[in-house]
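Modelling step: build the complete structure from the supplied sequences, incorporating the hints.
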Amino acid sequence: TAGNKILHFGACRVSMSMTEIRAGFTAIKANIQARDPIRTLSILSYPHSLHKLNSSDRCCITHHLFNFYVDKVFKHCKTEDSYVNRKISSIANSFLSMKRKLGQCHEQNQCVCGQESSEKFKQILANYEGLNVTSAAMKSLGELDILLDWME
Amino acid sequence: SGELYCSLLNPRNVRFESINMKNVLHWSAPEGTGSGVLYRVKYSVYGVGKWIRKPECRNINRTWCDLSSETSDYEDQYYASVKAFLNGMFSDWVETTRFNPLTDTKIDPPMVSVSSTDRSLSIILTAPEKWKRSPEEESVSLLQLYPGLQYNVSVLNKKTKKRWFFSISNHTLVVPRLEPETAYCVSARIHVTTPILDSGFSKEYCIATLKDKA
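Respectively, the protein sequence lines represent chains A and B.
Residue 20 in the working numbering sits at position 20 of the first sequence, and the numbers go up by one each step.
Convert by adding 1000 to the 1-based position in the second sequence; the result is the number in the working numbering.
The hints are simulated quantities; they were obtained by calculation from the structure and are not laboratory data.
Heads up, some of the hints might be wrong.
In silico lysine to aspartate or glutamate, DMTMM-like type, Cα no more than 25 Å apart, as pairs [what the hints assert, rightly or not]:
hint, chain 1, residue 1, chain 2, residue 2
1, A, LYS72, A, GLU116
2, B, LYS1022, A, GLU152
3, A, LYS5, B, GLU1075
4, B, LYS1132, A, GLU152
5, A, LYS52, B, GLU1181
6, B, LYS1050, A, ASP145
7, B, LYS1022, A, GLU129
8, A, LYS52, B, GLU1075
9, A, LYS52, B, GLU1137
10, B, LYS1050, A, GLU152
11, A, LYS5, B, ASP1076
12, B, LYS1132, A, GLU20
13, B, LYS1022, B, GLU1138
14, A, LYS52, B, GLU1138
15, B, LYS1132, A, ASP145
16, B, LYS1161, B, GLU1138
17, B, LYS1106, A, GLU152
18, A, LYS72, B, ASP1076
19, B, LYS1050, A, ASP149
20, A, LYS122, B, GLU1075
21, A, LYS5, A, ASP149
22, A, LYS5, B, ASP1198
23, A, LYS101, A, GLU152
24, A, LYS52, B, ASP1073
25, A, LYS52, B, GLU1070
26, A, LYS75, A, GLU129
27, B, LYS1042, A, ASP145
28, B, LYS1022, A, ASP145
29, B, LYS1050, B, GLU1070
30, B, LYS1050, B, ASP1066
31, B, LYS1106, A, GLU129
32, A, LYS122, B, ASP1076
33, A, LYS75, A, ASP145
34, B, LYS1106, A, ASP149
35, B, LYS1106, A, ASP145
In structure tokens form, the structure reads like this:
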């Protein structure tokens, strides 16, 4: 479909409806980020930005992050606004299909997990578990542009 | 004993206005205040959270403050905040929404240069450069920041008013099979598919094709 993009993560290739995801997030970004009052902590970028990661670890950390967003973020982001909820579920559906595609590649051992990505993902989980679930999920959703910028 | 202090209404509409990653904080004066209001500005990097004062924007009476230097790392996101002072009274700090330079900037149109033969136009397009601290600093084209950057080019035959549109990733375009001794006008814009960014169209560059050589 229009706006689909093939992203390469090591030996793995994932087709992503990036324009659709970006448009969905842009529509709710201000609303979601306004629900996150904590400026001193970032789930994805604390203490180090994703951009500092070794490129060989991109595939593994992306695999982990797709699972993280599907299993720990989207389901805890219900709001009182049905428009926002619709946008969130549309993004969640896109992530679900990307999770499956990258998961298949991971199972074929083409998505090697090095120490650096394992430690980085441990840090992301620690940042997430340092907050209550709803706050952590809302903050993670508010950082989706950080993830998308890095993936691209 | 009760503490008596008068508070000033807050600055309004505090936001970043960014073009080619020249990131300037803008705001409107508190409602009902004329001249004489002074402002202070601070900013913070999201995830770090420590507020940092901007000395060059301390006690200023204008309603903007250039934070391009402080927000030049486009892998980070930022907040900025403004406080108003007048005759011993002061407002609250009023914050922006979270600012992501990569997705929240606007892009200028491309530079367009056109040359012609008797039956074709050659068009060269140049994407704008990212803001830089000084002329000596190395230039970074926005093409490097946005790999998905494309150009939409419009070519108008002034005589027949027929218009063509082209969408190209390359920065050069040759338009063949045109009419000799005819005026054509070219304009172009930048389109980034993701993140979603579109410049306006450039002004029109008009040129005539040459006399027919045949």
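Point to revise | Satisfaction of hint between B:ASP1076 and A:LYS72, Cα-Cα up to 25 Å | key: Answer holds: A:LYS72 to B:ASP1076 is near 24 Å, not above 25 Å.
Check your understanding: A:LYS5 and B:GLU1075: Cα distance at most 25 Å?
Key -> holds, 21 Å
Practice item. Mind checking the alpha carbons of B:LYS1132 and A:ASP145 for me, to see if they're no more than 25 Å apart? Key: Within the cut-off at roughly 24 Å; holds.
Check your understanding: Keeping to a limit of 25 Å between CA atoms, is the pair of B:LYS1106 and A:ASP145 held or broken?
Key -> With Cα atoms ~16 Å apart, B:LYS1106 and A:ASP145 stay inside 25 Å; holds.
Review point. Quick one, are B:LYS1050 and B:GLU1070 close enough, alpha carbons at most 25 Å?
Key: holds, 13 Å
Point to revise | Proposed proximity, A:ASP145 with B:LYS1050 (alpha carbon, max 25 Å) | key: The hint holds at about 22 Å.
Practice item. Sort out whether A:ASP149 lies within 25 Å of B:LYS1106, counting only the CA atoms. Key: holds, 16 Å
Exercise for review: Would you mind confirming whether the straight-line C-alpha gap from B:LYS1106 to A:GLU129 stays at or under 25 Å?
Suggested key: violated, 36 Å
Exercise for review: Could you grab the alpha-carbon distance between B:LYS1161 and B:GLU1138 and see if it respects the 25 Å cut-off?
Suggested key: At roughly 42 Å apart (the allowed maximum being 25 Å), B:GLU1138 and B:LYS1161 break the hint.
Check your understanding: Is B:LYS1132 within 25 Å of A:GLU20, Cα to Cα?
Key -> It is violated: about 32 Å lies between the C-alpha atoms, which goes past 25 Å.
Point to revise | Pair hint outcome, A:LYS122 versus B:GLU1075 [Cα-Cα no greater than 25 Å] | key: holds, 21 Å
Check your understanding: Keeping to a limit of 25 Å between CA atoms, is the pair of B:LYS1022 and A:GLU152 held or broken?
Key -> holds, 22 Å
Consistency note: the structure conflicts with the earlier hints numbered 5, 7, 10, 12, 16, 31.
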